[in-house]
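Respectively, the protein sequence lines represent chains A and B.
Under our numbering, read the first sequence as residues -17 to 323, first letter to last.
Under our numbering, read the second sequence as residues 469 to 639, first letter to last.
Just so you know, the hints here were simulated from the structure itself, not pulled from any lab data.
Worth double-checking, as some hints may not be accurate.
Chain A regions said to be covered by chain B (calculated; three or more residues, Cβ under 8 Å) [claimed, not checked]:
#1 -9 to 2
#2 7 to 17
For lysine-lysine, the following DSSO-like pairs were computed, each having C-alpha atoms within a straight-line distance of at most 30 Å [unchecked claim]:
#3 K257(A) - K310(A)
#4 K615(B) - K258(A)
#5 K310(A) - K258(A)
#6 K310(A) - K189(A)
#7 K257(A) - K615(B)
#8 K189(A) - K257(A)
Yeah, the Cβ is synthetic: ideal placement off N, Cα and C, and Gly gets one too.
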Amino acid sequence: MTENNETWLREGLADAVPTPPASPDRADRALRQARRSRRTATAAVGGAAAAVLAIAGVLAIVGNGAPADRPDRGRDIVADSPTDAPACPDEPLDAQGQRAEVPSGATAVRLCTGVGNPIEVPGDALVTGVGDLIDTINALEVLPDNVACTQELGPGFQLVFDYPGGSPVAVNGEVYGCQKVTIGDTTRTSARDVWGRFSELLAAQRKNLTPPADAVPATPNLDCTTLPAGPSVGRGEDLVAAVYCVELRNGDLVSTDLSADDLSALTADIAAHTKKNAGYVDCDVTPPVPAIIGITAWGDRVGLHAQCTNGWFTVDEPTNSVWNPSSKARVILQRLFREAR
Amino acid sequence: MDHKVLPSTAGEDGFASFVAARGDALWRAAWLLTGDHHLAEDLVQTALAKSWRAWSRVGPDGFEAYVRRVLFTTYTAWWRRKWNGEHPTDVLPEVILAQPGEDRGDLIAALSLLPRGQRAVIVLRFFEDLTERQTAETLGISPGTVKSQTSRALAALRSSPRLQREESIDD
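For reference, chain B alone in the conformation it holds in the complex (with noise of 0.2 Å):
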């Protein structure tokens, strides 16, 4: 008897096939952005759930590319919102700086310190290795704002009391 995949199972198949390739390497980006081993994972459930309908349009190949400017994208509006008319924070205040027995760091104490849209651009470009340009279009913004962007992040950085202990960055 001759089986016939359905184009909706083929679809569901290869996405799930994607997430288990991938997810984790989606959990770790959106762990840096929210400092939040849960936030990390509704970041990421958001991303995939907002992504999958475009799984057949966009191909394998191009997916990962599409699920990342999804979770960039939603991790700045929800930063976007929160200028609009709200009483604006730029720390989450859900973000737990340290755990009991954890070993942070302080660079990621640091970096939880920087402004929503800051940490997307270093997490864009020193963790996932993007150049300005792949950055500004996964953010939607001009490779300009990306540069100015950077060097305000790098600036907060290098003055932050986090890191202070540190080999000085600017050695």
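Same shape as in the complex, but just chain A (with noise of 0.2 Å):
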């Protein structure tokens, strides 16, 4: 576009704009809007708490559950149905308040969307393992009060702990700027270790366990535009039906599903040839721009984006974890790119 053109389109954008009508309390009435949205996310979560009971009367329970005691690490509570965990509240929690770690005694905890941009939130909760990220959490560094932070926006997360008879406790997580852990009015750092871990405990759990039988719909709708809200806990290796895109230089989208063999080869390269802390990868590249964009076996939408011409993969953003296509599996891509339509 010349200069003339942008000079136009500045000039018209900013002439169309009509004039604000009066708003003397928009500021009252965002005050109250924030208030309502927090007593309506706590009431919902306490309101659950029946559900929590219901499901530590079935479980082996360790001390007498009470959020202050601190009972045996290692003999952490397994559950039947990480699903029966009470679910995501419709907006982050309140975070805030006199503590500065998480207590030990939680029986579940989930990952839920907070403040920031939005991730995917998986269908199941964290039953095993809640006391490892437990102490993962209470052992991270604390930030010092004058550290400076690059003021971008990006992926926010709340995680979600439940005690038998008591409160939950928020953690909020920031996967960018300085990387912040909030507990209550103590900031941790760094989000990224946090949510690796959950990650791992995750898919430990997960391996013990069968997936729900409606995680995944029979026809799963992906394409190119079915994108997940935003970074998966879900793993690459993990996907059972995905879709190859492409966005070609006049911005069209083109697709090709992934059979079942060309899926297997990629998934299992996937998990060969994928390295965590990796580096960032993303290099302003032009199109065509290829992409993987699947769903796993629990649910979770799961998008790998190729952003340099080296042929790489980001497969986690929060980990900079990036796949590096071995040989093989660049010749099937290759076939794919090919292939799209």
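Make one complex out of these two single chains by using the hints.
What follows is the structure, given as structure tokens:
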């Protein structure tokens, strides 16, 4: 676009916007809306406490279950149904309060959307290794008060810990900037480590369980516009259905479904050739830009995006995990590129 | 007698001052996104309600950028949910393209026909005057995607029937 046209567009937009209507109570209404959201979320979680108690009744209870106690570590509770833990609240809970650590004794923890860009929320809660996650969070370094953080906005999550007979405890994570992890009035770092540990624990839990029958629709309806909401704890190596997508130079999106053989070969390659903390791979590349969009057996939507012309795919943004396809996998990917329509 | 301002009151006062000073600017961007006075106000209210608890943490200097990011990501999240199992539409059904007696302009009509992701990129790049990288950070997408979205949006505006009566934007 020429400079004259850019000027025309800028001036046109500026001239077209009408005068805003008077709104003298805009701040008051925003504060009331924020408080209403917090009350609604707290009531929703409190109402589900009966479900937590019902689950606790069939579990091996450690200690007396009160949040202030510290039961033996390593004797975590195993539940039969991680999908029965209380659901994520509609809005992030207010995580402020007079505490510096997550109390022990939680029986389940949900990964929910927090403050920031959305994440792909898993359908199942973590009910094994919850103590391990709590230890991980409580061992994080406290962030100094005078640290300067970059002011971008990225994915935000909230971990909601549930306690038998007690109120939930929320921990906020920001997978951007200073990677803050906020518990009550204490800010620690890094959120990336918490995300990574939760992902590992959930993967280990899932190995011993069968996914719910309805986690994946009979026809998953995968296409290049059905993107995950954000970063996903679902792993590329666990995809059960996927589509290969390419954004062309003219802006068109073309795709081809992955056959069972191709999916098997590529997921094995992802498992073998993915590295964490592999570095920032956004090379600001212009199209064609390939991606693989898929779904795991647990219903997690996953997006693997190639951001550079070296053929690498980002498989998990929070942990900077990157898949460097083997030469055999690249042959498959190049064929998929040719087949995409 | 000493008067002590409680932290929460001081925070709310600062937040209210910010909203009084910059709320209208946020509304203008929201209007370009939604094309409707009431939807624009809803979007601004939602963004402010989501952002207010970050006021003391982010501070007055960075708060407008923070709220803008929440506003635009809220808007595009509405758009993403449209693609998840529902029948996707590119235009919000509530958007009124022209009001009797109002001179909306062909440019706004053409803008309203863009998919929401492209609309967000155009508003950030050419109304808010952000760079490609700043736009990418605001929307949580890559600069490459910003580039391609911008290119597609400009191509759509160039060929929009709403703008054919205007001087050609290729001139």
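Okay, the hints, checked on the actual structure:
1. -9 to 2: holds (count 10)
2. 7 to 17: holds (count 8)
3. K257(A) - K310(A): The hint holds at about 18 Å.
4. K615(B) - K258(A): 28 Å, holds
5. K310(A) - K258(A): 22 Å, holds
6. K310(A) - K189(A): Roughly 28 Å separates the two Cα atoms, so the pair holds.
7. K257(A) - K615(B): 28 Å, holds
8. K189(A) - K257(A): Roughly 21 Å between the alpha carbons, so the hint for K189(A) and K257(A) holds.
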